[in-house]
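Peer 1: These protein sequence lines map, in sequence, to chains A and B.
First residue of the first sequence? That's 1 in the working numbering, and the numbers climb one at a time after it.
First residue of the second sequence? That's 1001 in the working numbering, and the numbers climb one at a time after it.
By construction, these hints were calculated from the structure, which means they are not laboratory data.
Heads up, some of the hints might be wrong.
Said to hold, decoys possible - Each computed DSS-like pair below joins lysine-lysine, with the alpha-carbon atoms no more than 30 Å apart: (1) 1062/B with 1015/B; (2) 1062/B with 22/A; (3) 77/A with 1044/B.
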Amino acid sequence: AQSVAQPEDQVNVAEGNPLTVKCTYSVSGNPYLFWYVQYPNRGLQFLLKYITGDNLVKGSYGFEAEFNKSQTSFHLKKPSALVSDSALYFCAVMGVNTGGFKTIFGAGTRLFVKA
Amino acid sequence: EAGVAQSPRYKIIEKRQSVAFWCNPISGHATLYWYQQILGQGPKLLIQFQNNGVVDDSQLPKDRFSAERLKGVDSTLKIQPAKLEDSAVYLCASSLEGPNQPQHFGDGTRLSIL
């Protein structure tokens, strides 16, 4: 069965410092991996995805993520955090399921960037 | 492009009543998803449509929840009768066909059961 784990409920970082939000996954076959961000009272917004190719993928708002097959991880990173990055971040994996592909979301990590 | 539209934004009902949510996906998106997001948790897939056919409804409580996507465009999700544990945000998302396509979400309907 496929699964996604986000081991940290909350990440705190000072503005201007680098940030990392962790994600590990378990899926049969090759994974399709996604990061989404959710602001209060809003739906999720797509940030970036890994399908195949370069292990470092770049996305919206300066975010990037590193795919590590051996560690089954897909950590979200940003070199310099902004206060406006404070939000809820979800990692998602889409893997093969009976009848097609199925998306599983992690429980989310709340990022708090302090000015 | 116009985003995914959902209505209503908020709904308060008493337990055992019925409620319906509406979703209009992005034009041209063949795949439509309904998720349930309970406070403090990630979205849980309830049902996935490909055009007007159901791809996955394994986590839909079929004794009380139903969904349809007539004509492969708009979709409605219904709960009848509602239980207290149904209090959640119901999110609709759509995407182009294929597992590598990102999902585009509406802002959801926040349902409170009294």
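Peer 1: With a cut-off of 30 Å on the C-alpha distance, tell me whether residue 77/A and residue 1044/B pass.
Peer 2: holds, 25 Å
Peer 1: Given the hinted pair residue 1062/B and residue 22/A, is their alpha-carbon gap at most 30 Å?
Peer 2: violated, 35 Å
Peer 1: Please verify whether residue 1062/B and residue 1015/B have alpha carbons no more than 30 Å apart.
Peer 2: holds, 17 Å
Hint violations for this structure: number 2 only, all remaining hints satisfied.
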